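S.K.: Okay, here's what each chain looks like letter by letter:
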Amino acid sequence: MDWGRLRFFLGEVLTNFTRNAGMQFTAIGTVAVTIVLLGAFLYVRETIQTFGTGVLSQIEIAVYLKDDVDDAKAKELASKLAGDSRVASASYVPKREGLKRMKAVLKDIDTSLLTTNPLPNMYKVRVKDPDSVQNVAAWIAKDPRVAKADYAADTVQKLLKTAAVLGRAGIALIALLSISAAIVIANTIRLTVFARRREIAIMQLVGATNMYIRMPFIAEGMLAGVLGAAVAIGVLALAEHQVVPKLAATLAFVTFRVNESTLSVELLAVGAAVGLIASWVSVGRYLRT
Amino acid sequence: MIRLHGVSLVYPNGTRALDDVDLEIEKGSFVFLVGHSGTGKSSLLKLLYREELPSGGEVVVDGVRVDTLRRGKVPKLRRNIGVVFQDFKLLSHKTVWENVAFALQVTGTRTRDVMRMVPRALDLVGLSHKSRMFPSELSGGEQQRAAIARALVGNPKLLLCDEPTGNLDPSNTTEIMELLQRINLKGTTVVVATHNQAVVDRMRRRVVRLEHGRILHDDERGYYFRGLGQTAVLPG
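First to last, the sequence lines map onto chains A and B.
For the first sequence, our numbering gives the first residue as 1, with consecutive numbering after it.
For the second sequence, our numbering gives the first residue as 290, with consecutive numbering after it.
The following block holds chain B by itself, in its conformation from the complex (with noise of 0.2 Å):
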């Protein structure tokens, strides 16, 4: 599903956001990408869904090579990357349901399709109920699945997740963690950037730490740190 080879990030005030990286994802698979804020997570992902191109090396996201895609194609790659933000990124005028249908609308999909797409979305993260409110009368974890409803909604192949409990309490974070591992059960392939310690050790799944723009360690059922708790030892 993605594949990274010798990606080295470099942005212009020369602050070095990954340096050689090689990484593959597996399609319909769950993986942490963790490591301190600072350390490359969310460039990382940038780089996926072409917010930001690599200084160096390949990015291929289903087959398509990122890096080297034209302007006009990015639209298209978009619209099979769902990408889900620590703020929610909600638009606070617009309904749930709005919001939800907006990445449907925008994209010009048949109003026929919206009305038969937004509901599915709504309610496999369970906000049916909620859809004619506004995010300023919802939870943050309620925002945050109105979000991920967004993400979903065109049946992306692939979702982005980052920092997505970065903003909720332990209750509302576990509830998101098991909706993600829900939506990956249906065979979307999710990447969630964390630096939430708890989350990831109850998970138990693929863990990829990032440490100063390098793969620090790699590991399937793997914790935040390698070794419950421990600090983790330089590779090689």
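Bound conformation, chain A alone (with noise of 0.2 Å):
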């Protein structure tokens, strides 16, 4: 490893870039204010994902068994239920069990006066993919022992819908956010390469390859990118820090459990992109002479 030639490129590098601090700045600042708002997304996505998931996840099918299909009938569905793969568990609550618990539920309310038990025997079924519960849910309720299945139907469609449209508008709106952010940086480097035409020239002059003359641009582009986005996660560590403890007290049915390193490293890598691209772009427009 020849570290003169290190040390060389770095200061190239570096001085370049601190020569043109306003520039770079500017650069910086976009890529900043677009991946807060990236960020914000992403955030407000992966909550909304988890809450949804989470929702999901509880989505119960009630299996109404008809009135003459006894404990031992009900254990036979129980087999079939537990053999199909898609079913995560099926729990077995016969009448008796059902009208104690609305008991419990209805405390305040005399039952005293039911003389017989007007409940029917009774799986509950959970799922192991949401996607999944309609046709599971119509699948069961085919079967001759069953009187009906039923299920949030609305709710579950309403939440696998909003996640499809989110999973969609996300990325269309990544792809926004990135090539605006690109363009920015695109500009930036331009500038950068027209303040270093001289220098540019020479490098051609006396014979410096293209690749060679590449390279400190796109280390440049990718440092804007990278800056970026840190100073982006700045802004959004310092938002969730602030914002976040406020919305739980307010929204207690949500849980806000993002993982931030995650973010942070797509975040990072999203900024080190775009700048890499950004920077390849428009320095190779200037050199293909």
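Incorrect hints may appear among the rest.
Here's a subset of chain A near chain B, in silico, CB distances under 10 Å, partners left out [unchecked claim]:
hint, residue
1, Arg7
2, Thr15
3, Arg198
4, Ala201
5, Leu205
Just a sample of chain B residues kept apart from chain A, beta carbon distances all over 12 Å, derived [to be verified]:
hint, residue
6, Arg292
7, Met422
8, Tyr513
Sample of chain B residues with no beta-carbon within 12 Å of chain A, all distances over it, derived [as the list claims (entries may be wrong)]:
hint, residue
9, Tyr300
10, Asn302
11, Arg305
12, Ser425
13, Pro459
14, Asn485
Bear in mind the hints are in silico, worked out from the structure with no lab data behind them.
Only a predicted model underlies this, so the values are computations on that prediction, with no experimental measurement involved.
Glycine included, every Cβ here is placed at the ideal spot set by N, Cα and C.
Dock chain one against chain two, each of which comes alone in its own frame, and use the hints as you go.
M.R.: Here is the structure:
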């Protein structure tokens, strides 16, 4: 390893970076703003998704059995349900148990007038994948022993739809934000390329390869991207620290459990990638003479 | 060293800079390219280090077909050619030493070699004692010597000078021309484009005179004008 060469290269990158401090500041700022938006969006999306998955995983199919199905026959159904790969769990609630639970829930209401148990035997079924709730419910309903298989159809539909829309909108939004950040970096790099056109001309004159000429600019672009992302992560961390406790107090049913370190790494990678692509393109255009 | 055969160069705006030029320059020779500004001197030099591509004809430099050279091979060609300009093209934020070293560093030369080659080039042009100064602290002649050091530091076989004394006073001009002659004596082929009549007439080297993109005359030990002080006569 030739440290002199490395030092020369890093020195070039650093002097140019600081020499064009004003422009770099603009680029870093824009990347930061973009990535704050991106990060906030990803944060909200992940929170909603966690929330949605949480709700969906609690969705139960209430399987009411016909009156003539006794406990023994009900047990046969249990093995059928447990045998299906989509089913996570199936717990049997005999009618006595059901009544006991109902009485516990309705403890303020006098249930002593009930002379017979009006409840059917039932199964509570949970599925592994929330997407399959509908199919599993339909499949269970076809069984001759089953009177009715019920689930919160509306809620499930809406949640699934929201998740899908968020996913698609997310990709579009991420693309848009990344493109706008890339354009700003590309412009900044183009300005720094322009500011250094004499150096580039001399490098080309003395026989530096295009790859060599390109390298410092790409390092510069990536540095701007990464610094922008770092600033954004700082802002987001601060915002999370300030805002989330208040939100959590108001929206008690939502859990704010976002993996911050993964998100940070992702944002840094986005910053670096945006800087890389932008500077590559804008220097390339200049070198193609 | 250099061979041009039927070379023409037409710029996109329609200007015909060179028109069917044939020229051969021997290894180790010293040649003046003379003519008024806009007669194609610079264009001819640009063809040699492939800053421009000819519209027609062949350009050969040191056995390499420059006109058909792939873009990726251009850096290697240029490492074999030193170029010096009227406006020096030094980097103002770098010292003389750094300016000269820059040419080596950006072509991936090992630091050990840079440390060895830069002092030698500075010594050749007589700037060793000013290596830590910035271009703005130097006289015009010294700046041009720094530029020559940068052009020569990689030991090119060919040195191209485009109006090297255009910005210099007579005494600096003389110094620079003496330096170029010394460099030529060490075996480097030197081509100087100039419209400085005094310099050309004093040196009495080969003179190739261009006019309207054509070679008007080509004399060994010639003068700026064919026949001292006379107006040239169109050949043939």
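S.K.: All hints are to be evaluated individually against the structure, with a verdict given for each.
M.R.: Taking the hints in turn, this is what the structure says about them:
1. Arg7: With Cβ-Cβ at 9 Å, under 10 Å, it holds.
2. Thr15: Holds, about 8 Å.
3. Arg198: 7 Å, holds
4. Ala201: 7 Å, holds
5. Leu205: OK, holds: A/Leu205 within 10 Å of chain B, min 6 Å.
6. Arg292: 21 Å, holds
7. Met422: Since the minimum Cβ distance to chain A is about 18 Å, B/Met422 lies beyond 12 Å and the statement holds.
8. Tyr513: Correct as stated: the minimum Cβ-Cβ distance to chain A is 28 Å, above 12 Å.
9. Tyr300: 14 Å, holds
10. Asn302: Fine: 17 Å to the nearest Cβ keeps B/Asn302 off the interface.
11. Arg305: Non-interface label stands for B/Arg305: nearest chain A Cβ at 21 Å, farther than 12 Å.
12. Ser425: 14 Å, holds
13. Pro459: Label holds. Min Cβ-Cβ 28 Å, cutoff 12 Å.
14. Asn485: 23 Å, holds
Comparing the model with each earlier hint shows no violations; every hint is respected.
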